[in-house]
Amino acid sequence: MKRLLTRQNMIIAAVLLAVYLIVQTLLSVGIISAFYETNLVLGGIGVIMAVSLNLITGFAGQFTLGHAGFMAIGAYFSAVMTVKWGMPFVLALLGGSCLAAVMGFLIGLPTLRLKGDYLAIATLGMGEVIRVVLLNTKYVGGAAGLFGIPRLTNWTWIFVSAVVTVLCIRNLLWSSYGRACISVREDEVAAEIMGVDITRYKVLAFVVGAFFAGLGGGLYAHYYYFLQPGGFGFMKSIEYLVMVVLGGMGSMTGSVMAALALTVINIFLQSYAAIRMILYALLLIVIMIFRPEGLMGSKEFSSAMFSRFERRGDRGSAGGQ
Amino acid sequence: MALLEVNNVSKVFGGLSAVTNLKMKLGAGELVGLIGPNGAGKTTVFNLLTGVYQTTAGDIVFDGKNIAGKKPSAINQMGIARTFQNIRLFSDLSVLDNVRIAYHSHVAYKLPSAIFRFGSFYAEEEKMKARAIELLKIFHLDGKKDEIAKNLPYGEQRRLEIARALATEPKFLLLDEPAAGMNPQETAELMNLIRWIRDHFELTILLIEHDMSLVMGCCERIYVLEYGRVIAHGDPETVKHNPKVIEAYLGEEVTYA
Chain A
1 MKRLLTRQNM IIAAVLLAVY LIVQTLLSVG IISAFYETNL VLGGIGVIMA
51 VSLNLITGFA GQFTLGHAGF MAIGAYFSAV MTVKWGMPFV LALLGGSCLA
101 AVMGFLIGLP TLRLKGDYLA IATLGMGEVI RVVLLNTKYV GGAAGLFGIP
151 RLTNWTWIFV SAVVTVLCIR NLLWSSYGRA CISVREDEVA AEIMGVDITR
201 YKVLAFVVGA FFAGLGGGLY AHYYYFLQPG GFGFMKSIEY LVMVVLGGMG
251 SMTGSVMAAL ALTVINIFLQ SYAAIRMILY ALLLIVIMIF RPEGLMGSKE
301 FSSAMFSRFE RRGDRGSAGG Q
Chain B
1 MALLEVNNVS KVFGGLSAVT NLKMKLGAGE LVGLIGPNGA GKTTVFNLLT
51 GVYQTTAGDI VFDGKNIAGK KPSAINQMGI ARTFQNIRLF SDLSVLDNVR
101 IAYHSHVAYK LPSAIFRFGS FYAEEEKMKA RAIELLKIFH LDGKKDEIAK
151 NLPYGEQRRL EIARALATEP KFLLLDEPAA GMNPQETAEL MNLIRWIRDH
201 FELTILLIEH DMSLVMGCCE RIYVLEYGRV IAHGDPETVK HNPKVIEAYL
251 GEEVTYA
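Protein sequences, first through last, are from chains A and B. Everything in the first sequence is counted per my numbering, starting at 1 for the first residue and increasing by one. Everything in the second sequence is counted per my numbering, starting at 1 for the first residue and increasing by one.
Bound-form chain A, shown alone:
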């Protein structure tokens, strides 16, 4: 317990609480309009999706193009739980996440034997299969969509979910299990020889990533009143992949920043809806040319960075004397 109450953790907790309270106050007073609230929600979901995708693609090194498929499972199942079975929101979110994780396990076991391009194509196919199955399932409305979902997602849910996602995935990665996942990315043969069961850790990353994608989906479903399979196509997966690549594969803080930055950019691009995707694509091209490792590379934005500046400052003043 003592270790959790370090100065650094206290500062982070205080900053998070302040951000939450400020935004909550601005929302309740009405300074943040409905338009910006929507973007706040989208940004939060983006953070959840990008961080969970980064676990799979950036840290465990398994290139997947089917992340929106897990989001769809979480979205539909949680919506079914609240709309058709009358379950409370918390249970629905958990249920959607768990089903997405189970699907991640079932799909991951066979497909994660593949590598690189082959895995990308297999997961792309998987995402499409999920979408088409939803499209043809009468129970969830088929192509017309699932209507009448209560709007239960609000700033509090989004904020808490995003923080929990980042915290869980960070704790996982900063442990021996996380290092095992990263070793799989670095060198599969060497990892296996060093006693790391690579299949197990690929599947672990896939399952945890899918779980949080399901959570993102559940939150999404309960904000927009209705769901359509078309919303979870290939482009949706690409959208989150862009966030991961932009932030830096293997940087959690990079993913968080990229998710928020792209949400802000989207706000500005709203008035040019027609060319939004063109600008998006151009942005990717430019980043890949000038900064192929993404904004953060594999580094993390942390208070250690500031302490380095402080130390440098100290040395500077000592030299001046």
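Treat the hints as calculated values from the structure; they're not laboratory data. Just so we're clear, the structure is a prediction, and the values are computed from it rather than from any experiment. From the three backbone atoms N, C-alpha and C, an ideal C-beta is built for every residue, glycine too. It cannot be assumed that every hint is accurate.
What the hints assert, rightly or not - Distance condition first, Cα-Cα at most 20 Å in a straight line; then the derived EDC-like pairs of lysine to aspartate or glutamate:
#	chain 1	residue 1	chain 2	residue 2
1	B	K71	A	D187
2	B	K150	A	E186
3	B	K71	A	E186
4	B	K71	A	E188
5	A	K299	B	D92
6	A	K299	B	D146
7	B	K150	A	D187
What the hints assert, rightly or not - What the simulated footprint calls covered on chain B by chain A, stretch by stretch (three residues with Cβ under 8 Å from a Cβ of chain A suffice, anywhere in the stretch; the number is not a length):
#	stretch
8	77-91
9	94-107
10	110-120
11	231-242
Place chain B on chain A using the hints.
Relative to chain A, chain B alone:
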């Protein structure tokens, strides 16, 4: 009882027989060399022993258990560790992380306690770090624990690979050309280090090496491989004077009529 028994193992790649009817027996605590000309199948033997390749015929018994059909990770957990001929470190990770990853199969906390940071997480992490640093000290790498592995000089990368293999806490260590690319002085140091490791960690070691001074000076027994067959085996002196070995390395004596 022998720690490792290799009984008539063969490995065939398509039409090529890389290893044929290999028989080997290693007792606990032995330091054995495996030599042979290029392409003799030495690394293939290593790959068979560590489960990277599956045997075509024959069986390998380690510590009383058959390792056929087991995954490399499972074989490692039984107590076999190795290094690679062409260094395979986790090159973008720190020196410390390279060693810590190898400790992973001995980690005492479970996944939930890692995610929610309860139970023995912090104590175990600290223990793991302390042990990794202790190991790095033996290889004089503790001062470079935060460096990225690929930035180390070649000789240190080789030593780090041995340290990483030892972190898996093996009973049997396979070294694939540990002295490759080292100068004579470094080789001599390595020779002492290998012997010391064997005694200190109570290991059995099998090493592939082309540097004859290291093999002859270090190993108690030597197997000589040519075209996938053992052509000679015994102590260094016997092997050195075996005509078949001389022929394999230097070619046949020409007799003029």
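Broken hints, numbered, in rising order? Result: hint 11 breaks, nothing else.
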